[in-house]
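Chemist: Here is what each chain is made of, one letter per residue.
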Amino acid sequence: MSDALLDVSDLRVHFPLRRATPFAPKRTVKAVDGVSFALAKGRTFGIVGESGSGKTTTALAVMRLTEITSGAVRLGDESLSALEGEALRRARRRVQMIFQDPYSSLNPRMRAGAIVAEPMELMQVGTETECRERAQELFAQVGLRSDQLQLFPHQFSGGQRQRIGIARALATKPELVVCDEPVSALDVAIQAQILNLLVKLQEEYGLAYLFISHDLGVVQYLCDEVAVMYLGRMVEQAPREALFGNPLHPYTWALLSAVPRVGRRRRDGAARLRLEGDPPSPISPPPGCRFSSRCPYAEARCKAEEPVLREVRPGHRVACHLVREDGTAPLRPATL
Amino acid sequence: MSGPLLEVEGLKVEFDTWDGRVRVLDGVSLSVSPGETLGIVGESGCGKSMTALAVMGLVPKPAGHVTGGAIRYRGEDLVKASDGRMRDLRGNRIAMIFQEPMTSLNPVFTVGDQIAETARLHLGLSPAEARKRAVEMLRAVHIPEAERRVAEYPHQFSGGMRQRVMIAMALACEPEVLIADEPTTALDVTVQAQIFDLLEELRAAEGTAIVLITHDMGATAEMADRVVVMYAGRKVEEGPVDAILGNPAHPYTQGLLACRPNLQLGHAAARPQLHEIPGVVPPLHLLGRGCAFADRCPRAMPRCGEAFPPAYDVGESHAAACWLLEEARAA
Numbered sequence: 001m002s003d004a005l006l007d008v009s010d011l012r013v014h015f016p017l018r019r020a021t022p023f024a025p026k027r028t029v030k031a032v033d034g035v036s037f038a039l040a041k042g043r044t045f046g047i048v049g050e051s052g053s054g055k056t057t058t059a060l061a062v063m064r065l066t067e068i069t070s071g072a073v074r075l076g077d078e079s080l081s082a083l084e085g086e087a088l089r090r091a092r093r094r095v096q097m098i099f100q101d102p103y104s105s106l107n108p109r110m111r112a113g114a115i116v117a118e119p120m121e122l123m124q125v126g127t128e129t130e131c132r133e134r135a136q137e138l139f140a141q142v143g144l145r146s147d148q149l150q151l152f153p154h155q156f157s158g159g160q161r162q163r164i165g166i167a168r169a170l171a172t173k174p175e176l177v178v179c180d181e182p183v184s185a186l187d188v189a190i191q192a193q194i195l196n197l198l199v200k201l202q203e204e205y206g207l208a209y210l211f212i213s214h215d216l217g218v219v220q221y222l223c224d225e226v227a228v229m230y231l232g233r234m235v236e237q238a239p240r241e242a243l244f245g246n247p248l249h250p251y252t253w254a255l256l257s258a259v260p261r262v263g264r265r266r267r268d269g270a271a272r273l274r275l276e277g278d279p280p281s282p283i284s285p286p287p288g289c290r291f292s293s294r295c296p297y298a299e300a301r302c303k304a305e306e307p308v309l310r311e312v313r314p315g316h317r318v319a320c321h322l323v324r325e326d327g328t329a330p331l332r333p334a335t336l
Numbered sequence: 001m002s003g004p005l006l007e008v009e010g011l012k013v014e015f016d017t018w019d020g021r022v023r024v025l026d027g028v029s030l031s032v033s034p035g036e037t038l039g040i041v042g043e044s045g046c047g048k049s050m051t052a053l054a055v056m057g058l059v060p061k062p063a064g065h066v067t068g069g070a071i072r073y074r075g076e077d078l079v080k081a082s083d084g085r086m087r088d089l090r091g092n093r094i095a096m097i098f099q100e101p102m103t104s105l106n107p108v109f110t111v112g113d114q115i116a117e118t119a120r121l122h123l124g125l126s127p128a129e130a131r132k133r134a135v136e137m138l139r140a141v142h143i144p145e146a147e148r149r150v151a152e153y154p155h156q157f158s159g160g161m162r163q164r165v166m167i168a169m170a171l172a173c174e175p176e177v178l179i180a181d182e183p184t185t186a187l188d189v190t191v192q193a194q195i196f197d198l199l200e201e202l203r204a205a206e207g208t209a210i211v212l213i214t215h216d217m218g219a220t221a222e223m224a225d226r227v228v229v230m231y232a233g234r235k236v237e238e239g240p241v242d243a244i245l246g247n248p249a250h251p252y253t254q255g256l257l258a259c260r261p262n263l264q265l266g267h268a269a270a271r272p273q274l275h276e277i278p279g280v281v282p283p284l285h286l287l288g289r290g291c292a293f294a295d296r297c298p299r300a301m302p303r304c305g306e307a308f309p310p311a312y313d314v315g316e317s318h319a320a321a322c323w324l325l326e327e328a329r330a331a
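Heads up: the sequence lines are chains A and B, in that order. Just so we're aligned, residue 1 is where the first sequence starts under the numbering used here, counting upward by one. Just so we're aligned, residue 1 is where the second sequence starts under the numbering used here, counting upward by one.
Keep in mind the hints are simulated off the structure, nothing from the lab. Incorrect hints may have been included.
[What the hints assert, rightly or not] Chain B is nowhere near these chain A residues, computed Cβ spacing over 10 Å in every case: (1) L195; (2) Y221; (3) E225; (4) A254; (5) G288; (6) R324.
[Said to hold, decoys possible] Simulated pairs of lysine to any residue, SDA-like, Cα-Cα distance not exceeding 25 Å: (7) A:K30 / B:Q156; (8) A:K200 / B:N262; (9) B:K12 / B:A307.
In this text, a Cβ means the ideal position worked out from N, Cα and C, and glycines have one as well.
Throw the hints in and build the complete structure from the sequences for me.
Modeler: Structural data, given as structure tokens:
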């Protein structure tokens, strides 16, 4: 795909573990193990999964905030994964990040205006006056008043702090914004405000979002394309309509069926796909399909042979032995 | 037994702060019967957790005071109960599960010790019996290899497992009322579903009355029989779950329902329009005499700022406190 803004291919991030003794075998956590996707300008790509699935590590690797073991990350015509030193620093203005926790991601000793202006100063974008004007403009963009530029983070509510974080991310006019659970720490009523703001800013600036979340309702609202990750791998990837309309992977079914929904009573024994236990340790993933140890449909083949991510319908990729070549999943429960 | 097991009536709680005395709960009333699940929903700061703490007799002292109302458990007023009597009831007849399973468990004791402590104190079991009881409880909450895991420390458990341990502790004395304060906020959806299944299993098997405090309307819809919606220390709407979800009468409840991007399955899943409630919850010390929601309400009228509306019946055991309902009635 040449028109992609962000192109990630076969990304791997492995963390070596400390050994108990010098003679103990080497162990590594394969946090991200062969992830590929592309994201076009002005679009949103969502990654969902349980904690430990590698979705945040993927985001950090794209930002070059964690070391990449192998694979390539391209941003337009630049190879982010190959850049070092000053060149990498210059490239960073094109990719910015919005963090999950608006309480710990803002420096409590800096005034809000200075927090927003800091990326511009670091990137030497414009003069001091221009920085100040731009900070004011950004404040207006994210729905804060310019008299609030002089306040400290603790004087803002959670939702307002997240607005400061968004203004800071936009300061260097990035093309790609990585959002790591940007609303999960906020109150329900405030979440809607921030989501609407993200949509508005995307339309105005043509931003591309890489959106990490465990909240499927939010992902469905915001994302054009969605990938489901499990233990460091993508198990399913599809455009929004296909993923929510025709989910193919049993893990996707389990995630979808676990979300509490208005109009379904637990007491009626609503047929839901239950997953037992927790995800297995990424240090020693089960042989074959990584999901086979929790998959209610797993067959002998699933435990022996790891399924590859294959395209079964245009744009719809899935890694499951049980999905037929014509892109149907015969075992899908009727309630989904 | 017929009638409610736990009844809160006109509960008022005040706190001494730098900004003077602040009323954090103002005339909250609710009740829950055996085998029933009551959902309490609202944003942070609406007083839902404080209601739970008041019922447990755990309003932080010396800043907090219960200044009015009654909390009746089987007819006995807990507001007037002695500390000793509260200790008897708390963890025994009325138990609570907290939001953060990591900070609510003691890191230097094994989970077995912590479950056994409750059983020893309230049921008078010997250490050996209490330990047996701890294993039983871990089994009851579906922790695999309970005999081995009973001797492990909280850090050796995952988030979902820790919440199960919390539930096991709460259940050790077979309480009649279980208060669950956002029991799944820190957990993955799949684990949240497991915890909800567990609570539902318990309610069905033991007839435990459950008070589920949450901000998630979806969770409320799946779990609760009746729902209380709170805003800034007051109850603004109460009713059967279907009425609250299908026919919400208070603008705040309507806003809460509309502002969530609800998961839609099926091919017609188009991007829904997301409604937002403007502004934030006002600081409690700045509350006027009127309806606290008036500043954020799309349908506020002049009189909303003047006096707090009484509760109007809008259906069978469904009531909401909003002046619009009087207008509607007059029309």
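Chemist: None of the hints should be skipped; say for each whether it holds.
Modeler: Each hint, compared with the structure:
1. L195: Violated: least Cβ distance 6 Å, not greater than 10 Å.
2. Y221: Violated: least Cβ distance 4 Å, not greater than 10 Å.
3. E225: holds (13 Å)
4. A254: violated (6 Å)
5. G288: At about 21 Å from chain B, A:G288 clears the 10 Å cut-off, so the statement holds.
6. R324: Label holds. Min Cβ-Cβ 19 Å, cutoff 10 Å.
7. A:K30 / B:Q156: Distance of about 21 Å is within 25 Å: holds.
8. A:K200 / B:N262: holds (20 Å)
9. B:K12 / B:A307: Given that 25 Å is the threshold and the Cα spacing comes to 18 Å, the pair holds.
Figure legend: structure checked against the earlier numbered hints; hints not met, in rising order: 1, 2 and 4.
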